[in-house]
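Going line by line, the protein sequences match chains G and V.
Read in order, the letters of the first sequence correspond to residues 1 to 180 in the working numbering.
Read in order, the letters of the second sequence correspond to residues 1 to 285 in the working numbering.
Calculated from the structure, these hints are not laboratory results.
One or more hints might be untrue.
[What the hints assert, rightly or not] Using 30 Å as the maximum straight-line C-alpha spacing, the simulated DSS-like pairs for lysine-lysine come out as follows:
| id | chain 1 | residue 1 | chain 2 | residue 2 |
| --- | --- | --- | --- | --- |
| 1 | G | 34 | V | 2 |
| 2 | V | 12 | G | 162 |
| 3 | G | 88 | G | 34 |
| 4 | V | 12 | G | 34 |
| 5 | G | 88 | V | 2 |
| 6 | V | 5 | G | 34 |
| 7 | V | 12 | V | 2 |
| 8 | V | 5 | G | 88 |
[Claimed, not checked] Restraint-style ranges between C-beta atoms, simulated for each label pair:
| id | chain 1 | residue 1 | chain 2 | residue 2 | range |
| --- | --- | --- | --- | --- | --- |
| 9 | G | 89 | V | 4 | 27 to 33 Å |
| 10 | V | 157 | G | 154 | 45 to 51 Å |
| 11 | V | 264 | G | 144 | 48 to 54 Å |
| 12 | V | 45 | G | 27 | 29 to 35 Å |
| 13 | G | 34 | V | 263 | 48 to 54 Å |
| 14 | V | 142 | G | 71 | 38 to 44 Å |
| 15 | G | 170 | V | 263 | 49 to 55 Å |
| 16 | G | 134 | V | 157 | 31 to 37 Å |
| 17 | V | 1 | G | 20 | 18 to 24 Å |
We treat Cβ as the ideally placed atom computed from N, Cα and C, and that holds for glycine.
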Amino acid sequence: MSDIEVTADTERAFTLNDRIEITLSINRRNYVVKVESRHTLADVLRDQCGLTGTNSGCEHGVCGSCTVIVDGAPLRSCLMFAVQAGGKAIRTIEGLADGEHLHPMQRAFIEHHGLQCGFCTPGFIMLAVALLEREPDIGDEDLLEVLSSNLCRCTGYQNILKAVRAAATLMRAPRAEPGE
Amino acid sequence: MKPAKFVHHAPKTLANALAILAQVAPLDGRILAGGQSLVAAMALRLAQPAHLVDINGVAGLERLAVANAELSIGACVRHAAFHRPVADGPLGRLLSAVVRQIAHYPIRTRGTFCGSLANADPASEWCLVAATLGARMVALSARGERVIAAEDFFRGIMMSALQADELLAEARLPLLSAATRFGFHEFSRRAGDFAMAMALALYRIEGGRIAGARIGIGGVEERPRRIAEAEALLEGQPPSDERFRAAAEAAAGAVSPIDQSAEVAGYKRDLVRALAYRALEQAAA
């Protein structure tokens with residue numbers, strides 16, 4: 001590891017009760033918030049940024065209802081501290097629609113009855129959107145494996161699957177246009 | 001379900017990370033890498049570290065490279081890096097096959113290979129891979145560097161040979177020859193859940209006989225390890241269904257399950273027998 005150059009840099013170390021000012025870039029808008037180091041990204045999104053579309057379920061990484069997209073990757077926002085998210089591009093369910101125009105994944109969830117109580121829906125949608133943006137041609141078996149990450153306690157899995165499969169087709173469509 | 005207070009340190013260089021770790025290690029300081037086990041444990045208040053040295057911003061730790069017949073995996077290489085083969089030959093394919101069994105996709109985008117090793121969960125897939133392949137771990141501290149062999153690294157349930165002030169900066173896996181075959185099977189109650197047992201088998205077939213046989217078992221004992229009794233039954237023998245069954249039986253007899261109650265231990269042995277056989281059979285295919 002001797003190839004790593006050691007330079008003087010700025011360290012951030014804070015005492016226990018300090019609130020740390022950070023800037024979160026969420027859905028292309030900057031939010032300046034003061035947080036404790038122990039605050040998770042999920043809690044700061046909801047409590048300080050007012051973005052309550054992201055739901056907190058189990059709060060220890062099992063249920064997936066707090067899934068958001070950070071720098072293009074879907075992740076559990078309950079397992080990331082907000083202080084770690086400064087400078088990263090965060091996307092939440094609130095940023096998915098283009099004005100009144102819903103994202104294809106949102107439309108597909110409506111058309112295929114992919115939600116019942118709706119609690120798990122933002123997590124499932126952000127997971128599926130991130131996945132299909134990263135791997136548009138993913139096979140059905142792999143798609144199932146990825147969706148097994150999130151829990152729906154209404155057990156509406158079949159319709160969630162139908163919705164994501166339909167959205168996958170819609171999201172792939174523009175790529176087939178000539179001149180690509 | 002909220003983590004307790006801690007002081008967050010975000011060094012940008014390895015030297016500073018090690019200097020801070022040296023300071024805070026005696027004050028209940030720990031490394032924070034992917035956090036997919038640690039932050040969950042903190043939310044449950046099973047872990048309440050006073051300091052976290054966050055290495056996610058440390059330059060150079062995402063390094064993933066082949067050199068000197070080894071694959072070097074830096075401390076911040078995420079599980080998801082292995083979804084597609086990262087090295088030519090069987091090693092890259094093996095890692096891609098195993099990674100699919102690690103938790104779930106959004107956990108794999110964040111959790112790290114080295115973090116799994118440092119966490120030393122008996123049910124960790126990467127710990128089994130490291131033990132079976134004979135990985136070498138590079139531990140760095142302000143005091144210097146030491147390289148720890150896999151057989152000395154895993155000490156018990158969630159216990160490794162790392163000292164409190166040491167960072168597992170890199171894990172090195174030996175490349176596998178093109179002729180190496182492998183099989184991996186795991187059993188868990190739900191998709192993505194912890195393994196109740198798992199088996200990794202590797203061997204070559206030379207002149208119609210098994211060579212370089214390795215069978216590792218994880219999720220059963222306090223740490224993953226190779227099962228010499230099973231390997232001895234395979235080495236130099238022609239591969240056959242009978243031979244695989246005999247080796248799997250030997251593995252089932254050799255393990256000492258953590259839970260020694262008759263019901264659990266017997267069940268775990270049944271799992272080991274079935275999974276070792278399936279892994280050997282898969283390698284033959």
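Status of each hint after checking the structure:
1. At roughly 17 Å between alpha-carbon atoms, residue 34 of chain G and residue 2 of chain V fall within 30 Å of each other, so this suggested pair holds.
2. For the suggested pair residue 12 of chain V and residue 162 of chain G, the alpha carbons sit about 45 Å apart, so the restraint of at most 30 Å is broken.
3. For the suggested pair residue 88 of chain G and residue 34 of chain G, the alpha carbons sit about 16 Å apart, so the restraint of at most 30 Å is met.
4. Between residue 12 of chain V and residue 34 of chain G the CA atoms are separated by roughly 22 Å; this keeps the pair inside 30 Å, and the hint holds.
5. Simply put, residue 88 of chain G and residue 2 of chain V have alpha-carbon atoms about 23 Å apart, close enough for the 30 Å limit, and the pair holds.
6. Proximity of residue 5 of chain V to residue 34 of chain G is assessed by CA-CA distance (about 15 Å); at most 30 Å being required, the pair is judged to hold.
7. Only pairs whose Cα atoms come within 30 Å are accepted, and residue 12 of chain V paired with residue 2 of chain V is accepted, the gap being roughly 27 Å.
8. At roughly 23 Å between alpha-carbon atoms, residue 5 of chain V and residue 88 of chain G fall within 30 Å of each other, so this suggested pair holds.
9. The beta-carbon spacing between residue 89 of chain G and residue 4 of chain V, approximately 29 Å, falls within the hinted interval of 27 to 33 Å.
10. Roughly 37 Å separates the CB atoms of residue 157 of chain V and residue 154 of chain G, a value that falls outside the hinted 45 to 51 Å.
11. Checked against the given bound of 48 to 54 Å, the beta carbons of residue 264 of chain V and residue 144 of chain G, roughly 31 Å apart, lie outside it.
12. Distance hint check for residue 45 of chain V and residue 27 of chain G: the Cβ-Cβ separation is about 32 Å, which falls inside the suggested range of 29 to 35 Å.
13. Between residue 34 of chain G and residue 263 of chain V the beta carbon distance is about 53 Å. The supplied range of 48 to 54 Å therefore holds.
14. Checked against the hint of 38 to 44 Å, the pair residue 142 of chain V and residue 71 of chain G fails, with Cβ atoms roughly 31 Å apart.
15. Taking 49 to 55 Å as the suggested C-beta distance range, the pair residue 170 of chain G and residue 263 of chain V conforms, at roughly 51 Å.
16. Checked against the hint of 31 to 37 Å, the pair residue 134 of chain G and residue 157 of chain V passes, with Cβ atoms roughly 35 Å apart.
17. Evaluation of the 18 to 24 Å hint for residue 1 of chain V and residue 20 of chain G yields a pass: the beta carbon distance comes to about 22 Å.
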